Amino acid sequence: MRHSFELYHRLLSVQLRSQLQYRFSFLLEMFSTAFVVLLEFASIALVFERFGHIKGWSLGEVAFLYGLVETAFGLMDMVFSGFDPQRFGQSVRRGTFDQLLLRPINITAQVMGSDFALRRLGKIALGIGILAYALALNPITWTLGKILYLPVVVASNILFFGGLFVVGATITFWTVESIEVINILTYGGSFVISYPMHIYQQWMRHFFTYLVPAIFLTYFPALYFLDKPDPLHFPAYAPFLSPAAGLLVWAASMAFWHFGLKHYQSTGT
Amino acid sequence: MRLFFELTKQSIRRHLTYRAATLAGLVTNFVFGLMRVAVLVALYGEAQEVEGITVSGIITYACLSQAVIAYLSMFGWYELMNSVYTGEVAADLLKPMNYFSYWMAQDLGRAIVNLLLRGVLLMVLFSFMFELDTPQTAIQWLALPMAIILGWLLSFSWRFLINLAAFWTPNAVGFGRFGFVLSWFFSGFLMPLRLFPDWTVDLANLTPFPHMLNTVVELYIGVLSGAALAQALLMQLLWVLGLILLGQLLMKAAVRRLVILGG
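Taken in sequence, the protein lines are chains V and H. Residues in the first sequence are numbered consecutively from 1, following this note's numbering. Residues in the second sequence are numbered consecutively from 1, following this note's numbering.
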């Protein structure tokens, strides 16, 4: 275990050094990840000028959800970029994943260390900016509980999205090619929970409650932070299930990953 | 010209072989369409019509914007860029054909396959789910294919331009991403332009992007007609010509800079 950490640490430092080699193109990529978030959020904010609210939620309240999701997803995308299904699928297809398997070192640490997308700092910064904007529009009455719980929610979201990345990566063991579908889980999941969940039809909400417990990651915690009543009438402890849901998805994804590893057959390239 | 269509034919054949990827893309665009419809309908709430766009219009918009992703390569196209980095560009430049036309012929093949297998098919699938709007008048029906073709031409010329950056820098992907994201916002891909405040629309109209997608959308849902329609098509055409011209000029400069290392 200690050995794996040391190895991960070393792989990371190599990654960072190589990414910072071309300073200008690194900066450009970082700004471009921020630019995406900026324009996507701007498009929502501008349209809100016309509508005022979405099923009772103001721009400030939606921005809180949105900023939370962007920040957590960006952090996850940086740390777990080795498991990014697009990238990982490519390494399975090209057979470079097989090289990692041949080394007598923890495979998860190796995959984690195979990429660290520092350029996501741009996305993360924007996510935090949107959160700040949300707080400016819509001041939260902070309590000690809320202050302590916010980082827990962010960490749970990282685990949750990380789990989705791992599931997506594992699926490429079998599908090799058609990885675009996995975007439904990852980017689709983050898109859906960037908006208050009560706006969706029941079947969609049930999918993201019982099959993928995304609703506990941001929506219920947001109700708690924003002191809003729960229109879905879940138990009062629902906002505090965020870490449980995050851990559950992460544990399930790890089980799936190890199952996949056991049954992995190389493409032979 | 024969060479052009030969290349297009080959490209069509090549893209028809990516069956699994096409299906996967279709499913993804379909599900995202459902999600976007859900959000936009919720945003409309009680409103029946906003800025001339009805509820069924906004639903059609959400479906249409997903249907054209593959056709217009909205999420990125770096083939030309990569060919510069791998050195294949040397062989491409030697071909007895204008470099721009060479890529255009191939992109045409890609676009045709994606228009039919992803665009049209998606709209058919969506029409089982929702009551979709269609053009109202014969003139709108006639203008639609023109707008769709000009939209592709505009998208291709834009992608060609930003890919040329590869001739100037060893890693132009970041630069390319800027170009694509810009087009998402100003083409009305993220939100229909009509729903934006006036100043944003005015800003968008200074760029070529509205004519990639927004014009097609407005035509499709029937809010564009008469003189405004004629003007939109004309502007589309002018932007296409402008960008093609710019592409030719930049290409000449790019090729002059190019150094191929033998080996």
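Hints listed in this document are in silico derivations from the structure and should not be mistaken for laboratory results. Every value quoted in this text rests on a predicted model; they were computed, and no experiment measured them. The reader is advised that the hints may include incorrect statements.
So the derived list for chain H, only partly shown, Cβ under 8 angstroms to chain V, looks like this [what the hints assert, rightly or not]:
| hint | residue |
| --- | --- |
| 1 | V27 |
| 2 | W168 |
| 3 | M191 |
| 4 | L195 |
| 5 | S225 |
| 6 | G226 |
| 7 | A227 |
| 8 | Q231 |
| 9 | M235 |
Here are the simulated EDC-like pairs of lysine to aspartate or glutamate, each with C-alpha atoms no more than 20 angstroms apart in a straight line [unchecked claim]:
| hint | chain 1 | residue 1 | chain 2 | residue 2 |
| --- | --- | --- | --- | --- |
| 10 | V | K55 | H | D92 |
| 11 | H | K252 | H | E46 |
| 12 | V | K55 | V | D227 |
| 13 | V | K146 | V | E49 |
| 14 | V | K55 | H | E88 |
| 15 | H | K252 | H | E49 |
The C-beta atom is built at its ideal place from N, Cα and C for all residues, glycine as well.
H/K252 paired with H/E49 [C-alpha distance capped at 20 angstroms]: Roughly 49 angstroms between the alpha carbons, so the hint for H/K252 and H/E49 is violated.
Status of the H/G226 interface restraint (C-beta, 8 angstroms, chain V): violated, 25 angstroms
Minimum beta-carbon distance criterion (8 angstroms), H/V27 to chain V: holds, 6 angstroms
Holds or violated: V/K55 to H/E88, with C-alpha atoms at most 20 angstroms apart: violated, 54 angstroms
Given hint H/M191 near chain V, where the shortest CB pair must fall under 8 angstroms: holds, 4 angstroms
Straight-line alpha-carbon gap H/K252 to H/E46, limit 20 angstroms: Outside the cut-off at roughly 55 angstroms; violated.
Restraint satisfaction for H/L195 [CB to CB of chain V, less than 8 angstroms]: holds, 5 angstroms
Restraint check, 8 angstroms cut-off on beta carbons, for H/A227 near chain V: Since the shortest Cβ distance to chain V is 26 angstroms, the answer is violated.
Closest C-beta approach of H/M235 to chain V relative to 8 angstroms, hint status: Violated. Min distance 22 angstroms.
Hint consistency between V/K55 and V/D227 [alpha-carbon to alpha-carbon, up to 20 angstroms]: With Cα atoms ~16 angstroms apart, V/K55 and V/D227 stay inside 20 angstroms; holds.
Interface hint status, H/S225 versus chain V (Cβ within 8 angstroms): violated, 23 angstroms
Interface hint status, H/Q231 versus chain V (Cβ within 8 angstroms): Violated. Min distance 24 angstroms.
Checked against the numbered hints above, the structure breaks hints 2, 5, 6, 7, 8, 9, 10, 11, 13, 14 and 15 and satisfies the rest.
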